[in-house]
Amino acid sequence: MELALFGQIDPFARGEVRIEAGEETPGPETTVRLAEAHLTLLTLPYGLQLKMGQMRARFGLTNVIHEHDLPFVDRPDVLRVFFGEEGLSEKGAEFTWVPDLPFYLEALAGVFNGDNETAFGRGKLNEPLVTGRLRSFLELSDTSAIQFGASLAHGTTADRLRSTLIGYEIKYKYRPDGWLHPLLTLASEGIYSIRRVEVSDDTAVFEKRTRDRFGWYGHAELQPLRRWAFGARYDSTQYPVNPGWQWAVEPYVSFFPSEFLRFRLAYKHTDRSHRDGFTDNGGSARIMDELLFQASFILGAHPAHPF
Amino acid sequence: MRRWIFALFAIVAALTLTAAGAPAARKLRVVATIPDLKALTEAVGGDLVDVDTLSRGTVNAHEMEVRPSMMLKLRKADALVENGLELDMWVDVAVQGANNANVVRGAPGVIDISRGISVLEVPSVRVDRSMGDVHPLGNPHYSLDPGLAPIITQNIVDGLSRVAPEHRTTFEHNRQVFLGQLDQHMAEWTKIMEPVKGSKVVVYHPQWIYFLARFGLLEAGWVEDRPGIPPSPQHLVRLVRKMKDEGVKALIYAPWNDQKLATRVAEEAGAKTVLLAQMVGGVKGADSYISAIDYNVKTLAKALRP
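Just so you know, the sequences run in chain order G and D.
According to the numbering used here, the first sequence is numbered sequentially starting from 1.
According to the numbering used here, the second sequence is numbered sequentially starting from 308.
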């Protein structure tokens, strides 16, 4: 469950607070946590904007999107593997700059604590996590458009070793004239991780090495009817430190009785090179088949439809 | 840490130098959320403005997809003309991505043209989603009524004058010229509609009430039983029966409505389907505000004539 409060603070700034509640592990216990709390200064000169507070970093297409708003049931494997279950959510600030050009370009620079334990974890401002993103957009016609971009996150791990992640993103949408929804959506994003790690050999001598790892996903969705959408996602990723890989395929169907209610049913088949580390949720097997069901509803204002 | 502070200063300095070369005198760059407002702003602004729009006449203005291309248009804008009454709320998301202080809510360049409009269908009971996508502030489709153009254009004059006060006289002059042309057409439209005054029509989505009220037509029902929610079969059966009982001759729909469904309902009820321009550019030939209203008046009058 997510409670979102947002609005204009004064003529200069906008605020947003999101509180999430749910079970972290199966059982009766519910955890409540602050997912985001940030303000954005909207009236800076020269096409600048500053967002500060706790936020989901704008890295790639889907990291910034909350679980219930994702175009699929679960977060893509590549983001979960490289950033952890919660994604890259940090305390800090993001500057964006939209220059006055004939085409759309958004440049972003961010400075964060680097609390994310999966990718960084140093958590100190004197060795901050810095992020960057360039995003552009081409309107191919009135009915189709493509967005693409590249992201960067560079920080320090808890062992004070460098960790750099470089991402790409691309998304295409085709919405026939007069349609209330897109007919076809194609998207992909990937992360290339360059990470220094400390390894020991049989004689317990530690040495530092660099791990270059890659993961990506591709997503296609077809929505021929207003109430029904059919899609599939293919995931393939290596692990950031340990050897091995996993791939998964996830077809799904969505049913929308209205703008405010959505049901989604998905089947996910995951194949790993070896068993994952032991967990008590049964999701550690080498081959895993899951049936996922999601019901999402919105109470409140009619949501905008982002590209 | 020092390195990052230096880098930040370097970026700010570079941006300052880039912005120093901006041109001095140019037309006002105005962005309108919907095509009707673009047309009316062009009528008022004349040669002093360059107006762009964020949507097209063939799409549903409620359901706009916020594209970065909208942000690009807003990035360069001196003013933003919006319909208000929650029709174009999506523009707030585009504004957030445009990084332009001129169009942030509360800025002088944000022109809400709903000010002073006598809004119809304002709910008198508590509104919730069980009623469908009801607008709690009332029906926002007032630009379809040419009789409200004097108020709308006055709001545009006032808004543009906040941004460029030196041109107020010209804006006011342009407005008077436009309203003069509109008055001539209004006399013709009233004459055309006179024989069908009092006729009942069914509409697909409740967006025509201002237009119908202006010309003395009555709205007998909706294809959508609740706004924005696809109709149930039971509702359609009741609607067809009502259309037959009350002698409804026309079912009005917009380009984004389900044409097959509209046709099926109309055929079963012995009525005609009438595609009208929900906005400028909604149908072929409706490429100005006056031509869009002209098309709607003549097409509907023809369908309703015995």
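Please note that a few of the clues may not be correct.
As the list claims (entries may be wrong) - Keeping only pairs whose Cα atoms sit at most 20 Å apart, straight-line, the calculated SDA-like set for lysine to any residue is: (1) D:K591 x G:D142; (2) D:K549 x D:R521; (3) G:K173 x D:R521; (4) D:K498 x D:S468; (5) G:K173 x G:V199; (6) D:K383 x G:L101; (7) D:K579 x D:Q491; (8) D:K504 x D:E526; (9) D:K591 x G:T43; (10) D:K383 x G:P102; (11) G:K173 x D:V373; (12) D:K383 x G:T143; (13) D:K504 x D:Q488.
It is worth saying that the hints were derived from the structure and are not from the lab.
Evaluated hints:
For the hint linking K591 of chain D to D142 of chain G, the alpha-carbon distance of about 16 Å falls within 20 Å, and the restraint holds. The straight-line distance between the Cα atoms of K549 of chain D and R521 of chain D is roughly 24 Å, outside the 20 Å bound, and the hint therefore fails. Annotation: proposed proximity of K173 of chain G to R521 of chain D is violated, straight-line Cα distance about 40 Å (limit 20 Å). Our distance criterion of 20 Å between C-alpha atoms is broken by K498 of chain D and S468 of chain D, whose separation comes to about 36 Å.
Pair hint K173 of chain G plus V199 of chain G does not hold up; C-alpha atoms about 45 Å apart against a cutoff of 20 Å. The straight-line distance between the Cα atoms of K383 of chain D and L101 of chain G is roughly 9 Å, inside the 20 Å bound, and the hint therefore holds. Restraint check for K579 of chain D and Q491 of chain D: the C-alpha separation of about 29 Å exceeds 20 Å, so the hint is violated. Of the pairs offered as hints, the one joining K504 of chain D and E526 of chain D holds, with about 12 Å between alpha carbons and a cut-off of 20 Å not exceeded.
For the hint linking K591 of chain D to T43 of chain G, the alpha-carbon distance of about 40 Å lies beyond 20 Å, and the restraint is violated. Using a Cα cut-off of 20 Å, the hinted pair K383 of chain D and P102 of chain G holds, with the two alpha carbons roughly 10 Å apart. Between K173 of chain G and V373 of chain D the alpha-carbon distance is near 12 Å, which keeps this suggested pair within the 20 Å criterion. Restraint check for K383 of chain D and T143 of chain G: the C-alpha separation of about 23 Å exceeds 20 Å, so the hint is violated.
Taking the CA atoms of K504 of chain D and Q488 of chain D, the gap is about 24 Å. The hint is violated against a cut of 20 Å.
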